[in-house]
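K.L.:
Given the coordinates of chain A, assemble chain B onto it according to the supplied hints.
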Amino acid sequence: MTVAAAARRQQLVRALRWALAVGAAAGAVAWIAYKAHGDMPTFVLVTLNGLTLAGLLFVVASGFTLVFGVMRVVNMAHGSFYLLGGYVAFDVMDSTGNFLLSLLAGAGAVAVVGLVVQQLLLRWNQGEELRQALITIALAIILADQMLAHFGATPELLSIPTWLDRGVAIHVYALQYPLFRLSVLGLAVALGILLWLWIAKTRLGMTIRAGVDDRQMVSALGINIQLVFAVAFLVGAALAGLGGGIGVAYSGIAPGEDAKFLLNSLVVVIVGGMGSLGGAATGALLLGLVTSYSQIYLPTNWTNYSILFTFVLMVVVLALRPFGVFGRPA
Amino acid sequence: MLPRVAPYAATAVALVLVPLVVTDYFLTAIAIKTLWLGIAAASLIFLAAYGGMVSLAQTALYGVSAYTVADLVAHHGWSPWPAIVAGIVVTVAAGLGFGLVASRSSGIYFLMISFSYAVIVFYFFLQVPEFGGHEGINDVAVPSLFGDTFAHRERLYYAALVAAAAVYVLIRYVVRTPFGVALQGVRDDTVRMRAVGYHVGLHRMLAFGFAAFVASIAGVFALVYEGRISPGSIDLTRTIDVLTIAVIGGLYRLEGAWIGAVIFVAAENYTRGYTARFETWIGALFLIIVLLSPGGVAGIVGSLARRVFPRAAKDPSAVERA
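In order, the protein sequence lines correspond to chains A and B. Going by our numbering, the first residue of the first sequence is number 27, and it counts up by one from there. Going by our numbering, the first residue of the second sequence is number 15, and it counts up by one from there.
Worth flagging that the hints you see were computed from the coordinates, not collected in a lab. A hint or two may mislead.
[Claimed, not checked] Simulated coverage check for chain A against chain B, where a stretch passes if three residues somewhere in it have a Cβ under 8 Å from a Cβ of chain B:
(1) 154 to 167
(2) 284 to 290
(3) 334 to 348
[Said to hold, decoys possible] Some chain A residues flagged as far from chain B (calculated, every beta-carbon gap over 10 Å):
(4) Met102
(5) Asp171
(6) Leu247
(7) Met300
(8) Pro325
For each residue, glycine too, the CB sits at the ideal point set by N, CA and C.
So here's chain A without its partners, still in its complex pose (with noise of 0.2 Å):
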């Protein structure tokens, strides 16, 4: 094949990517805009629900993005910590009653456990990914099976406390929305204005930044690099961990919602880009909204087949974007 005629090849797949995406993305608002026009409240609490739905996904892959972002790690025990974080804020809430506690609680005991696990399996494999990803598999299968051991099969449900289990007028339309979810959206919004703080402007973050970039480079200026992989770890631990501690008041937690939530982070920063802040509140909006909708509006014998646009959303990104919508490659 001539040089050109291959250009010329290149140039039609990539169009035909195009064409794919916007076409996949046009007949996905335009079939939204013809089942939503002659119901816009409902339209309205479908979308407050995706944008709620994207804060607790945004905060579970935040916390994986950081890791994967800082240490190249790819965290397959992500879930397992949104599990474990869940279970931990449950038994907390069921003997104090303090659902703030509760969160903390869920949080930190992930945070011990992700350092732990960084300093014991991770910390001397540092570079090799496919062996780490390996080690946080079977991580993942241990902690499944303990946790079904100590915590059991049945599913558990934290009541919302009294305090937030109250509808808020959002005055559109006269509706009213329920405040918990409101507070997921916001406590999201702040974490994710925290995390962006203290990766932009603070000294640990500049390092964290640099270390990115070039961790050779880094370590060579003195600056210690092991120290930043467990500050980084713990906090994505931690993030897990307090997604879990919202994760049980939300929908409700039970086994094999590791899996569930582990696709959804994988998902997440497939679709943002991996390592990227931006990208993980990009990617849990898409996904947020995407769940949301499909969950409506398809039509009804059509709602079963709901989790192929998962797939489709990573198709129609992948196709365009191989790194994701912010990512780079590696």
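P.N.:
Just chain B, lined up with the frame of chain A:
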């Protein structure tokens, strides 16, 4: 020539004689299960060793094949053989589709994307009512060749043995074809292969399609063996079981697929009575092997052999991979 062929011939004879010497329980619970789980693990080892793609989607793909066959036979009145052909075709098509989406990524990204497939396929079969929800599809008629799988269990054993041997020979053949050699080039140096003019994505996609074909055979045997298929057979635990088998056997040795499978299946059978926490022990074993020996049990045996017989022939996989 003789020394090279001898181990294969001895293994073949031993495997053919297995039904004559073991108990019926061993044949069903260990031998047959080892053979088909080994086929599933072989599809993963093929991708990992020759394509540099550690796939977590192989269990999902054998689920696609088992579900397709079960659905056509139990719900649409197909006879088993056409249904099996259809199941294999559907699985290969799904594999090529997945491969197309993932073909621009490799290494750790590929692991993540393939894992997403696995979980999505699991939820798909769980949620779509056609496939029976949690219950799955039960009482699937098996091809008459196998007869009653309990009365004639040796038939199923020999069928699985033939399939496993065919898969082994086929993979050994494919990696020596120009396609297989180019695939190993893609694994080792993507940039150079692209510069030389190879279509990297196409090779990855076709490799994934071929691995889906191998996995679909495992799926058919899983269905015949169990007589049923349910989401529990393709969930996260099962997905990781196949990965565990491949890692125990050594992720980069084809024989390791069945070595890992027999260790896994035997451990599963004989420890369940002593511990309720079987998964924890399997996870710990998996962890130890990953930490200590990337070559798995086959690698441990190989390095011991090299220590005992330092002048013995070089590692055969090293030649292939050079």
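K.L.:
Now, for every hint given, state plainly whether the structure supports it.
P.N.:
So, going through the hints one by one against the coordinates:
{"no.": "1", "hint": "154 to 167", "result": "holds (count 11)"}
{"no.": "2", "hint": "284 to 290", "result": "holds (count 5)"}
{"no.": "3", "hint": "334 to 348", "result": "holds (count 8)"}
{"no.": "4", "hint": "Met102", "result": "violated (7 Å)"}
{"no.": "5", "hint": "Asp171", "result": "violated (4 Å)"}
{"no.": "6", "hint": "Leu247", "result": "holds (27 Å)"}
{"no.": "7", "hint": "Met300", "result": "violated (8 Å)"}
{"no.": "8", "hint": "Pro325", "result": "holds (14 Å)"}
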